[in-house]
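K.L.:
Quick note: the sequence shown, position 97, residue 152 per the numbering used here, numbers continuous.
Hints were generated in silico from the structure; no laboratory data involved.
Please read all numbers here as calculations on a predicted model, not as lab measurements.
All C-beta atoms, glycine included, are put in the ideal place defined by N, C-alpha and C.
Among the hints, a few may not be true.
Claimed, not checked - The calculated lysine-lysine pairs, modelled on DSSO-like cross-linking and capped at a C-alpha distance of 27 Å, are:
(1) K120 <-> K99
(2) K249 <-> K173
(3) K217 <-> K301
(4) K232 <-> K261
(5) K234 <-> K173
(6) K185 <-> K232
(7) K261 <-> K249
(8) K99 <-> K111
(9) K173 <-> K261
(10) K280 <-> K301
(11) K101 <-> K114
(12) K114 <-> K234
(13) K242 <-> K217
(14) K217 <-> K58
(15) K261 <-> K120
(16) K58 <-> K234
(17) K150 <-> K114
To be verified - Beta-carbon label-pair distances, calculated as ranges:
(18) E57 <-> K234: 15 to 23 Å
(19) L306 <-> G172: 32 to 40 Å
(20) N307 <-> K261: 39 to 47 Å
(21) D198 <-> E98: 31 to 39 Å
(22) L274 <-> F228: 17 to 25 Å
(23) G211 <-> K234: 25 to 33 Å
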Amino acid sequence: MEKLSAIVITKNEIINIDGLIDNLEFADEIIVVDSFSTDGTYEKLKTIDDVKVFQKEFKNFPDQKNYAMGLASHDWILFIDADERVTPDLNEEIKSILNQEGSDIVAYNAHFQYYFGKTPVNYSGFQSAKSFRLFRNSCCEYDMARPVHENLIVIGRTGLLKNRIAHFSFRDFDHYKEKMRLYAHLKARQLHEKGQRSNFFKAYIKPLYRFINHYIMRLGILDGKVGYDISILNAYEVKERYRELKRLNSLNK
């Protein structure tokens, strides 16, 4: 069976560390790249045997992930967020893939089961979300042009994992809001670098459309209050993105 490097990037994730490392015990190597956490995450990781922990200033997601991939000892990479967990069925599926001979698939997409707190999120736009999480290091690299919701460039055939990753992405309303604020500012910086400007339509109409899209068109209404909160916060991300872009635009005047 081929060996596996599990990679995680962290920033203030101490609440997730114990469960995360226990969940990844099946990997041959665990690498964590921390973005100078202030809550004790790095110090906690340094005390755990068999975890290779590094620190690197955060610029954007693809930069951080490409750096982490360069630290891996093995060709097969499993990328997991600190708030994600490999289910027992997915664990067995990954081991089966590593044990295959003659397969030309070099990267596997994964679907997710999202949770808001302990409540499963089955709609709200997340039902079709997928991302490459298991892949060969030698055939893949993250696209530096996509600082948020990064894109993996794959040279070779791709596949789809049958089992989902459990993603406890939203601990509560405030936690999700802070995550959306981070995404908004990264996107605003990218738009600013491209010379784009904020305007009334982008600042007010696009957030309204985002809410309608998540809550009605992407069936957030079927997730109840959780679906409403998710739709509100996705609209907030768009609003905050163009508020920040306006601020960046003003610095050049």
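K.L.:
Decide, hint by hint, whether the structure agrees.
P.N.:
Hint check:
For the proposed pair K120 and K99, the alpha carbon gap of about 21 Å is at most 27 Å, so the pair holds. In summary, the hint linking K249 to K173 is not supported, as the alpha carbons are separated by about 39 Å, beyond the 27 Å threshold. Note on K217 and K301: the hinted pairing is violated, with a Cα-Cα distance of about 43 Å set against a maximum of 27 Å. Taken as a hint, the K232 and K261 pair is honoured in the structure, with Cα atoms around 18 Å apart against an allowance of 27 Å.
For the proposed pair K234 and K173, the alpha carbon gap of about 18 Å is at most 27 Å, so the pair holds. Simply put, K185 and K232 have alpha-carbon atoms about 22 Å apart, close enough for the 27 Å limit, and the pair holds. The hinted pair formed by K261 and K249 meets the criterion: a straight-line CA distance of about 19 Å does not exceed 27 Å. At roughly 16 Å between alpha-carbon atoms, K99 and K111 fall within 27 Å of each other, so this suggested pair holds.
Proposed proximity of K173 and K261 is contradicted: the alpha carbons are some 30 Å apart, above 27 Å. For the hint linking K280 to K301, the alpha-carbon distance of about 32 Å lies beyond 27 Å, and the restraint is violated. For the hint pairing K101 with K114, the CA-to-CA distance comes to about 23 Å; that is within 27 Å, so the pair holds. As the CA atoms of K114 and K234 are separated by approximately 15 Å, the hinted pair is consistent with the 27 Å bound.
A hinted pair counts as satisfied when its Cα atoms are at most 27 Å apart, and K242 with K217 does not qualify at roughly 32 Å. Taking the CA atoms of K217 and K58, the gap is near 21 Å; set against the 27 Å cutoff, the hint holds. Among the hinted pairs, K261 with K120 is inconsistent with the structure: their alpha-carbon atoms are about 30 Å apart, more than 27 Å. Restraint check for K58 and K234: not satisfied, since their Cα atoms lie roughly 33 Å apart, outside the 27 Å limit.
Of the supplied pair hints, the one linking K150 and K114 is violated, its CA atoms being roughly 33 Å apart against a limit of 27 Å. Between E57 and K234 the Cβ separation comes to about 34 Å, which falls outside the hinted range of 15 to 23 Å. For L306 and G172, the hinted distance range of 32 to 40 Å is satisfied, since their beta carbons lie about 38 Å from each other. Taken as a hint, the range 39 to 47 Å is violated for the pair N307 and K261, whose Cβ atoms sit roughly 22 Å apart.
Taking 31 to 39 Å as the suggested C-beta distance range, the pair D198 and E98 conforms, at roughly 33 Å. Between L274 and F228 the CB atoms are about 20 Å apart, so this pair conforms to the stated range of 17 to 25 Å. Between G211 and K234 the Cβ separation comes to about 32 Å, which falls inside the hinted range of 25 to 33 Å.
Comparing the model with each earlier hint shows violations of hints 2, 3, 9, 10, 13, 15, 16, 17, 18 and 20; every other hint is respected.
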